[in-house]
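> Could you build all of it, start to finish, from the sequences and the hints given here?
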Amino acid sequence: MEKRAMFEKEKSLREKKHEEIAYRAALEGIVLLKNEDILPISPRKIALFGAGAKHTIKGGSGSGEVNERHSISIMEGLISKGFEICTKDWIEDYDKEFGEAYKAYQRRQKELLKKRNIQQLMEHPFKYPYGRAIQKRDVENMGTDYCIYVISRQSGEGSDRRLQADDFSLSDMERENLTMCARFYPNLIIIMNVGGSFDLRFSEKIPEIKAVIHFAQQGSQGGKALADLITGEKTFSGKLTDT
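All residue numbers in the sequence shown are consecutive under our numbering, ending with 589.
No lab work stands behind these hints: they were computed from the structure.
Keep in mind that a hint or two might mislead.
To be verified - Here are the simulated lysine-lysine pairs, DSSO-like style, with alpha carbons at most 27 Å apart:
hint : residue 1 : residue 2
1    : Lys427    : Lys580
2    : Lys391    : Lys482
3    : Lys427    : Lys442
4    : Lys427    : Lys380
5    : Lys482    : Lys580
6    : Lys442    : Lys391
To be verified - Ranges of calculated distance between the beta carbons of each label pair, as one might list FRET restraints:
hint : residue 1 : residue 2 : range
7    : Gly578    : Lys362    : 24 to 34 Å
8    : Lys551    : Lys357    : 42 to 52 Å
9    : Phe514    : Met468    : 15 to 25 Å
10   : Lys363    : Ile464    : 29 to 39 Å
11   : Glu522    : His416    : 31 to 41 Å
12   : Gly410    : Leu509    : 13 to 23 Å
13   : Gly445    : Lys362    : 28 to 38 Å
14   : Asp506    : Glu366    : 31 to 41 Å
15   : Arg529    : Lys362    : 37 to 47 Å
16   : Leu359    : Glu486    : 48 to 58 Å
17   : Ile425    : Glu366    : 19 to 29 Å
18   : Asp506    : Glu356    : 37 to 47 Å
19   : Glu550    : Ser517    : 15 to 25 Å
20   : Lys363    : Leu509    : 39 to 49 Å
Note that the Cβ used here is the ideal one computed from N, Cα and C, for glycine as well.
Here it is in structure tokens:
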């Protein structure tokens, strides 16, 4: 996702150094929670779904936001590593849904700003849509047994996460889509693009889920770091704060 945060077209030495630091931090912060003899995998044709696939959440809202020049999404990281994404129709449809939802959110924020309602402005950060239902045409005859599904939830300054609205658990749409993926892909990898706790009991009930990765919110170089980890070029070393 391109940003308008820079005045110069060329990257400065400072930017390049910061990118390297961000990359190393992402490598050390991504946690492998489950791996049943599926990772690492070599670049190949792969199905990719989920809110955070292309619109990966890189950081929190409010003071957790940084307007860097460019942020590498999970999809971009995979493609740059040589993976071929075979579910682009679903991702393009999600793109449109995301764009419409974000425009509606911006209109609401402008109205609140006019009313000087700063508290409500911060209490309700943008909520990523879950995407449409995955249909047979999205998964049939794709020429791959591998699927990555990216679950995303935003968190940040001024707004607590809520028990309502599926913030800590799967939405009905995500549950339905994961069930569909499990029918067609015996090798299913879940990536948690979530800045906090999440109920992972669903992963124990779907035997096709062979790996679970806690990606969290990994900054501008997260997509690159993830691709290097799942291909085995780098080794997972991240740990949870509690067990």
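> Confirm or reject each hint.
Hint by hint, here is what the structure shows:
1. Our distance criterion of 27 Å between C-alpha atoms is met by lysine 427 and lysine 580, whose separation comes to about 13 Å.
2. For the given pair, lysine 391 sits about 18 Å from lysine 482 by alpha-carbon distance, which is consistent with the 27 Å threshold.
3. Proposed proximity of lysine 427 and lysine 442 is supported: the alpha carbons are some 26 Å apart, at most 27 Å.
4. Note on lysine 427 and lysine 380: the hinted pairing holds, with a Cα-Cα distance of about 22 Å set against a maximum of 27 Å.
5. Proximity of lysine 482 to lysine 580 is assessed by CA-CA distance (about 35 Å); at most 27 Å being required, the pair is judged violated.
6. Straight-line distance between C-alpha atoms of lysine 442 and lysine 391 comes to about 24 Å, which keeps the hinted pair within the 27 Å bound.
7. Taking the beta carbon of each, glycine 578 and lysine 362 are about 26 Å apart, inside 24 to 34 Å as hinted.
8. For the pair lysine 551 and lysine 357, the beta carbons lie near 46 Å from each other, so the given range of 42 to 52 Å is met.
9. Between phenylalanine 514 and methionine 468 the beta carbons are some 20 Å apart, a value that agrees with the proposed interval 15 to 25 Å.
10. With their beta carbons about 35 Å apart, lysine 363 and isoleucine 464 fall inside the hinted range of 29 to 39 Å.
11. For the hinted restraint 31 to 41 Å between glutamate 522 and histidine 416, the CB-CB distance of approximately 34 Å keeps it satisfied.
12. About 22 Å separates the C-beta atoms of glycine 410 and leucine 509, a value consistent with the hinted range of 13 to 23 Å.
13. Between glycine 445 and lysine 362 the CB atoms are about 31 Å apart, so this pair conforms to the stated range of 28 to 38 Å.
14. Between aspartate 506 and glutamate 366 the beta carbon distance is about 34 Å. The supplied range of 31 to 41 Å therefore holds.
15. For arginine 529 and lysine 362, the Cβ-Cβ distance of about 45 Å falls inside the hinted range of 37 to 47 Å, so the restraint holds.
16. Between leucine 359 and glutamate 486 the beta carbon distance is about 50 Å. The supplied range of 48 to 58 Å therefore holds.
17. A hinted range of 19 to 29 Å holds for the C-beta pair isoleucine 425 and glutamate 366, which are about 21 Å apart.
18. At about 41 Å, the beta-carbon gap between aspartate 506 and glutamate 356 stays in the expected band of 37 to 47 Å.
19. Restraint check, glutamate 550 to serine 517: a C-beta distance of roughly 18 Å satisfies the suggested window 15 to 25 Å.
20. Checked against the hint of 39 to 49 Å, the pair lysine 363 and leucine 509 passes, with Cβ atoms roughly 42 Å apart.
Comparing the model with each earlier hint shows a violation of hint 5 alone; every other hint is respected.
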